[in-house]
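**Student:** Residue-level listing of the chains:
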Amino acid sequence: MLELRNITFNVDDGGQDKEIIRDVSLTIPDGRLVVVTGPNGGGKSTLARIIAGIEKPTSGQILMDGEDITEKTITERARMGIGFAFQQPVRFKGIRVLDLIRLAAGKELSVLDACKYLSAVGLCARDYIDREINNSLSGGELKRIEIASVLARDAKISVFDEPEAGIDLWSFQNLIDVFKKQHAKIKDSSILIISHQERILSIADEIVVISSGAVDRRGSRDEILPSLIGTVSAVKSCTRAV
Amino acid sequence: MNLDEISKALLEEIADITDTPSGAYNIRSNSQSIGRQSTENIEIVSKQGVSGLDIFIKPGTKGESVHIPVVMTESGLKELVYNDFFIGDGADVEIVAGCGIDNCGSHDSEHDGIHRFYVGKNAHIRYVEKHYGSGSGSGKRILNPGTEVYMEENSSCEMEMVQIKGVDDTERVTTAELKAGARLVVRERLMTHGAQRAISKYDIALNGEDASADVVSRSVARDDSYQKFDAKIIGNAACKGHTECDSIIMDNGRILAVPGLEANDVDAALVHEAAIGKIAGDQLIKLMTLGLTEQEAEEQIINGFLR
Numbered sequence: 190m191l192e193l194r195n196i197t198f199n200v201d202d203g204g205q206d207k208e209i210i211r212d213v214s215l216t217i218p219d220g221r222l223v224v225v226t227g228p229n230g231g232g233k234s235t236l237a238r239i240i241a242g243i244e245k246p247t248s249g250q251i252l253m254d255g256e257d258i259t260e261k262t263i264t265e266r267a268r269m270g271i272g273f274a275f276q277q278p279v280r281f282k283g284i285r286v287l288d289l290i291r292l293a294a295g296k297e298l299s300v301l302d303a304c305k306y307l308s309a310v311g312l313c314a315r316d317y318i319d320r321e322i323n324n325s326l327s328g329g330e331l332k333r334i335e336i337a338s339v340l341a342r343d344a345k346i347s348v349f350d351e352p353e354a355g356i357d358l359w360s361f362q363n364l365i366d367v368f369k370k371q372h373a374k375i376k377d378s379s380i381l382i383i384s385h386q387e388r389i390l391s392i393a394d395e396i397v398v399i400s401s402g403a404v405d406r407r408g409s410r411d412e413i414l415p416s417l418i419g420t421v422s423a424v425k426s427c428t429r430a431v
Numbered sequence: 094m095n096l097d098e099i100s101k102a103l104l105e106e107i108a109d110i111t112d113t114p115s116g117a118y119n120i121r122s123n124s125q126s127i128g129r130q131s132t133e134n135i136e137i138v139s140k141q142g143v144s145g146l147d148i149f150i151k152p153g154t155k156g157e158s159v160h161i162p163v164v165m166t167e168s169g170l171k172e173l174v175y176n177d178f179f180i181g182d183g184a185d186v187e188i189v190a191g192c193g194i195d196n197c198g199s200h201d202s203e204h205d206g207i208h209r210f211y212v213g214k215n216a217h218i219r220y221v222e223k224h225y226g227s228g229s230g231s232g233k234r235i236l237n238p239g240t241e242v243y244m245e246e247n248s249s250c251e252m253e254m255v256q257i258k259g260v261d262d263t264e265r266v267t268t269a270e271l272k273a274g275a276r277l278v279v280r281e282r283l284m285t286h287g288a289q290r291a292i293s294k295y296d297i298a299l300n301g302e303d304a305s306a307d308v309v310s311r312s313v314a315r316d317d318s319y320q321k322f323d324a325k326i327i328g329n330a331a332c333k334g335h336t337e338c339d340s341i342i343m344d345n346g347r348i349l350a351v352p353g354l355e356a357n358d359v360d361a362a363l364v365h366e367a368a369i370g371k372i373a374g375d376q377l378i379k380l381m382t383l384g385l386t387e388q389e390a391e392e393q394i395i396n397g398f399l400r
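Top line first, the protein sequences correspond to chains C and Y. Quick note: the first sequence uses my numbering, first residue 190, plus one each step. Quick note: the second sequence uses my numbering, first residue 94, plus one each step.
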């Protein structure tokens, strides 16, 4: 279980403090798929990066299974079981897809086992496993490899920052299936997805709406989703997922 | 072969040799040839008057290899060696060279190897050269390789030149002259550390129609080391030339990349690319989110980059 207590995050904006996250408290229980949505610029991605340890909150506490991890580094949090899929995946010259999946798994996976994670995200594993994660890959391919790398981590809490961004429609359907399967498997772990997509919201156990850096409202999917349909917080894939 | 453990380790590092190599070979240790074998198609003979070898590869020889590694373990040795390769028309062979120096003494050890390749028509060679230094002595490990490639019509040559560790000072000069349809591909990987200095200079003349050259250097300069990559391609005909210097700097490392393109024919298409910078922060962060420490992430990134 992950718990955020009164998280605030300020940045320096021309000599003045600007609040990006304002006093956010959230609990992500085990076995749940939680989707955080809200308008662009509302602080959703910042919140995800704070959970992964990439950004340090100005104040507040982060607890994982009751342990305060606020001062833990990115590496320490990863080792404790936090997985993070970047909104904009990183390219590496020379590092192959197989290398990344093995690093993510933290062990010498067989090629066959590594391929399973690629197949899970709809990539023909044989065509990709030896490819370098460089400019030769398209944005959509990179994104799917990024998601595969987080699946391979078998994390206690997996955070996906806008997984649909840059993915084509066919892959998007596949992505929904990936999350559905993951959702069906989780018991003592959880999934947090940052997304505007109605179809991702529609598989959530719980939806949190963040606006202007604060929690606007939260509740079960059935409580929250109807009020979001047709707003920027729940966009249909045909209008946005390109 | 009667070799001490250090020499064996050096041989394995530079030429993947753990036993007597198959095919033609000459193993040079502390300025002496300690093992040599010619084959029916590949003849290795000592030069007269100067130190070095003439290696004759018969036309049409296919799928054979030549290993000519050099190891030096005596501190203070300095040698200049000429090895000439005469590759017959239509041959297709692999040549593995390389030099390992272990210097535990206070005197500098230096190996200057001049390799000349005369590549016959339609012949293909793959050349692998690894340089490596070890030993804790204050004497420097110095390697100055000179490589000259003369390529006949429609020949091709792939060169992999690697220097990853332990060489204090190196000045590498590679020149090539290509006739019509000849193709040269060079992949250079270099890492310098400590106070090392490495200079790599290319001078490639594309003299015939459809000749092409592709030279790519990937390098990492750590600590207080210095590198200079100076690549010049001259297009004297309708040809294609590409050079690329892609480098990572760390600590107080310094790198100078000098592009040089000279087109003397309106149909010469020449391109140079160069990028120098530190490891991108988001690359480190990505690997750290997989559970690696910053240092482990750096090593993974560098190992991949220099693969």
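It should be emphasised that the hints constitute simulated quantities derived from the structure, not laboratory data. Please note that a few of the clues may not be correct.
[What the hints assert, rightly or not] Just so you have them, the derived chain C footprint on chain Y, three or more residues with Cβ under 8 Å: (1) 371-377; (2) 389-399.
[Unchecked claim] Pairs of lysine-lysine residues, derived as DSSO-like cross-links and limited to a Cα-Cα distance of at most 27 Å, are as follows: (3) C:Lys282 / Y:Lys151; (4) Y:Lys258 / Y:Lys140; (5) C:Lys282 / Y:Lys140; (6) Y:Lys333 / C:Lys282; (7) Y:Lys233 / C:Lys245; (8) Y:Lys171 / C:Lys282; (9) C:Lys282 / Y:Lys258.
Cβ coordinates follow ideal geometry from the N, Cα and C atoms, glycine included.
**Student:** Looking at the structure, which of the earlier hints fail to hold?
**Tutor:** 3, 4, 5, 7, 8
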